[in-house]
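J.: Given next are the chains, with one letter for each unit.
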Amino acid sequence: MAAVTAPTLPGVAGEEPTRLHVSDYLRWSVDHKIIGVQYMATALFFFIFGGALAMLIRWELLTPAIDLMADGQAYNSLFSIHGTVMIFLWIIPMIAGLGNYLVPLMLGAKDMAFPWLNAFAFWLIPPAGMLMILGYFVGQTEAGWTSYPPLSTLFSGDGQTLWALSLHLLGISSILGSINFIVTIRNMRPAGMGYFQMPLFVWAVLATSIIVVMATPFLAGALTLLILDRVAGTAFFNPAQGGDVLLWQNVFWFYSHPAVYIMVLPAFGVISELLAVHSRKPVFGYRAIALSSMAIALVGFTVWAHHMFTSLTPELRIPFMITSMIIAVPTGIKVFSWLGTIWGGKIHFTSAMLFALSFLSMFVIGGISGVMLGSVPWDIHVHDTYFVVSHLHFVLFGGSVLAIYGGIYHWFPKITGRMLDERLGKIHFWITYPAFFLTFFPMHLAGMLGMPRRVAQYAPEFQTLNVIISIAAFVLGISTFILLYNIVWSLYHGEKASANPWRALTLEWATSSPPPSTNFIGDPVPFPNPYGYGTEAAYNYVESQNKKYGTVNPADYLPAEKSTAVTSE
Amino acid sequence: MSSSHPPSPRSTPNMTPSLALIIVGVVVMIAGGLGFTLFIPMILPPQASTQAQQVDQLFTFLLFFGGVIFILVEGVILVSVIRFRAQPGDLADGPPVSGNTTLELVWTAIPAVLVTVLAILSYTVWINTRAIPANEMSVGATAARFAWTFNYEVGQETLPTTLNFGDLKPEIQADLTDEDGVVHFNNPKLYTWVGQPVVMEMQSQDVNHAFWIPAMRVKQDVLPGRTTEIRFTPTMAGNYRIVCAELCGSGHGAMAGEVGRDGELLGAWLIVFENEEDYLANFFDPAAATVLVPPDDPALLGRQILASGAYPCATCHTLDDLGWTGNIGPNMNGIGDRAAARAQTTGDADGAAYLEHSLRHPGDYLVPGFGNLMPQFNPDPGQPNYMPQSDLDAIVAYLLTQTANPSN
Ligand SMILES: [Cu+2]
Ligand SMILES: [Cu+2]
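Going line by line, the protein sequences match chains A and B. Here the first sequence is numbered in this note's numbering, starting from 1 and rising by one per residue. Here the second sequence is numbered in this note's numbering, starting from 1001 and rising by one per residue.
One chain only, chain A, in its complex shape (with noise of 0.2 Å):
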C-alpha cells in the first residue's frame, strides 16, 4: 500500500481534501460527488414538503369530521402529493443520491461513465418538484399516489396533468441514472474486484437499477395514455368509448411494484453494509445476500396484481398470490443473513448501527405483513383500508428511511469530512423508534377494524386509534428537525473526520474525507474482501491507511468508547 505516493498523479499532488463551497451545489458540474450531495440536498427538501403535508393529514384526522380542510378534495390533494412526493421526490432520489456519491468511490473510480448524463439526470428533478408542487396548488390531484382512472382522468382537474408530467420526467431521470449505474459497475470495477468482491452496496444499486431500466418504460406508457385521455380526448381508460380502466391499473402496477424495490433493495444495500462494519464481522452468506437481490428483482416482475387482488377477474387471483408468496423467501434470506452478520459480532452502538438495527426489526414487521397481505382472502378484508397504509409504512418508512438514516450518519462524514454528533442522533434515534411505532403499528388495528384509507370522515368508533396515530406522527415529525439541526450544525462544527473513522474496508474510506475532486491520489487497490473483519490482513489494511491519510485524533472515532479511552490511557 504504500507504494503508492502522491505525487503519481499530476496536478494533484498533495492535493487538499477539497473545500467546496455552498455555491459550487447550486451549479451545473458533472462530479459525481456534487451531484450526489445535489440530489441528497433536493431529496431532504422534498422530505420536509411531504412530510409538512403528513403533519396536516393527521391533524384532519384528529376528528372523524372534516374540519381543517375545506373538503374532502382538499384533503385529496393533500395525501395524494403526500405520497407521490415521498416515494418520486424524496426516497427515490435521495437513494439515487447515496448511489452516485459511493458508487463510483467504492469501485475506486473517478466518476460516473457518463458524468454529463449523471447531471441532465439530476437537474430534471427540481423542474419535475415544482410542477408537482404547482400541481398541488393548482388543485384537484385527488386520485392518490396511484391515480386510478377515471377519477384521474374524467374527474380531476389541471394539476393532475401537471401530476403526470412531473413523474415522466422523474421517470426520465432515473431511467438515465440506472444505465448509469449499469454501465459504470460493469466496466469501472478495478482491477481485482470481480462481481463477488463488489460491495453489498453496490449490488444492490445494480438490482435496482436493472429494475428501472426494465420498469419505468411501463410508468411512462401508462402516464402518456393518462395524458392523452385528459387532454387530447382519446378514451383508453373510459369505458363508455371502449376503454378499460383496468388497463391501467396492470401497467402501473408493473411498474409500480418494481418500484417498491427500487425503494428498498438499495436500503438492503446500506444496510448490509452498516451492520457488518458496526458490528465488526463480515456479512454472513455474501453470496445469498447477493444473489437475492437479483432473484427479488427478478421476481418482483411478476407479482403486479396482488394490488388488484379486488378488481382483478377473479380466477387470475390465486396465480398472483402464489408469486407474492415466493418473493418473501429471498426477502426471508436476507433478514436471517443480516441477523447472522449481528449474532457473535462487536456491536458498537453508533447512531449508523442504532438505526441499521431498528430497520431490522421494524422491517420484518412490513415482512410479515407483506405475506398476510399476499394471502387472497384476508388481503381482501384489509385491501385499501389502513392495514394496507400500514404495511406500506413499515417497508419504506421502517425500510427505506430508517435506512436512509442509518446511512446518513455512516457516510457524512466521507461526504463532508466532520462527524455527525453523536449525541444528537441517539437523540433523534429515541425520539424516531418509538414514535415510529406508535405512528404506524395501530393503523393496521384501524384498518382491521373497518377504517378504508384516503378518507377525510370517518366512523367515530376509530377516534381513539386515531388520536394516538396522530399523536406520535407530530413527534415523528419534530424529530426529523433534530437530524436537520445536527447535519447543519456539524457542517461547521462537528469533529474532524478521519479518512475511515469507522474502520471499513471498503474503497471509498481509502481516500480522503472529503475526497479529492479525483477521488483517490493514484490507483486504489481493493481490500480482496470487502467484509474481511476479525483477520490479521483487514486490521493491517485498516492500520496502513491511518497511516497514509494520517488520523484525525482520537485515532478511531468510536464516541461510545472515546470518553473512556482518553480517561483510562
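Warning: the hint list may mix true and false statements.
Computed footprint of chain A on chain B; a stretch qualifies when at least three of its residues, placed anywhere within it, have a C-beta under 8 Å from a C-beta of chain A [unchecked claim]:
{"hint": "1", "segment": "1038 to 1048"}
{"hint": "2", "segment": "1064 to 1073"}
{"hint": "3", "segment": "1085 to 1091"}
{"hint": "4", "segment": "1193 to 1199"}
{"hint": "5", "segment": "1249 to 1257"}
{"hint": "6", "segment": "1268 to 1282"}
{"hint": "7", "segment": "1301 to 1313"}
These are computed hints drawn from the structure, not numbers from a lab. As the structure is a prediction and not an experimental result, all values here were calculated from the model. Virtual Cβ for every residue (Gly too), placed ideally from N, Cα, C.
For chain A, the structure is supplied; the task is to place chain B with the ligands on it using the hints.
T.: The following block gives chain B with the ligands in isolation, referenced to the frame of chain A:
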C-alpha cells in the same frame, strides 16, 4: 494509540447458542404466537358471515406464524445487542465467520415451506368463500358518487299482503302484470336474513368504487363498464356498515353507512333480520313502501323519495328537514326562497325551472364557491343516474317547500 490494540481474531466470543437458550427461544416463539391469536376477537369487527368465519380462521394461522417469525427476529436482535455489544474501548473485531451453508439452506427452506402451507390454506379458504350456494338471493348494487343504491327485483309473492294492488305506483302495477311479474325498485339499504346467501351484482355510474362490508369480510371493486359480483351468507342478525373502499373523490369518506344524531341509520347499511318472517314483515317498511305506494301530494312524494335515499343527495348537501349533513354542495335549507332568485341569474322561467335545470344539467350554472361535482340526473333509463320525470317533478315540488329556513 491504535497500535496498542492488537488484532484479536482469536478472542472469539461464544457464538453457539446453548441448548437452554434454544429451548427457551422455541417455547417463547410458540407461546407468543399463540398469545397474539388471543387478541383476534378484539382486533376484528363482528364475525357475521360464513365467509368471515373462514377468513378469521385463516388470519389465525397467518398471525400465529407471523408472530413466531416476529419473536424469532426480535429475539435474536435482542439477545445479540445484549450479548455481543462491544465493551468500552474494545476495538477488536468479531470472529471472521462469513457464512454457514447448512444454516443458510435451513433458513431458505423453512420460509419456503411456510409460505407454501399458507398459500394452500389461503387457496382452500378462497375456494370455500366463493362457492355458489343454492337458493341465493341476487341484489343489484349501483355505486355513484357518493352513495350506494341497491336494486331489488322481487316477485309478487314477496310483497306484503297488507298492500292493496290499486294503491301501487303505476310502474309497479305494470311490473307486476307483465310476463315475469317481477317488481323493480331501489333502496339505499340492503336487506337479508340470517342464513340467506346473497350475491351482489354491482355496477358503477362514474368512477371506481369498492363494496366492502367489514363484518362480512367481503370486498369487491365496482368498476364502470363492467358488472362485478360478490357473495356472502350472514350468520348473525344486526346492522352493518357498508363502506366504499376505493377512492372515488371528495365524498369518498362519506360513502359509508352513517349514524345520524338520533341514532338513525343514514346512507348504506346492511340490515340482517333474524329470519325470513322478520324480513318479510320489515322489508317494505317504511322506506320501500313509500316507493311502492306513492302519496298523491307531489311535495310529500318528493320528500319520501329523497328520504328513501333512492338518490345520493345526502352525502353532498345539508338539509335539516331530512337530516342531510353533506358539505360538498350548497346547503339546501331555504332553497325554495333562493331558487326564484337564482332563476333570474340563469334565465330560467321560475324557481321550479331552475331546480329542474340544476338536476338535469348541473354543470350549466355553478353556485359560487362550488365545483362542478354534482352528478347529472338523466331522464333516460339507459343513461347513468337515471331519474324519471315523475320523480324529478316530485323532488322539485318538495324542494320548493323548503323556505324560510335561514340557517344557510
Ligand atoms: Cu406490490
Ligand atoms: Cu365510492
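J.: Sort out which numbered hints this structure fails and list those numbers smallest first.
T.: As far as the earlier hints go, 4, 6 and 7 are violated by this structure, in ascending order.
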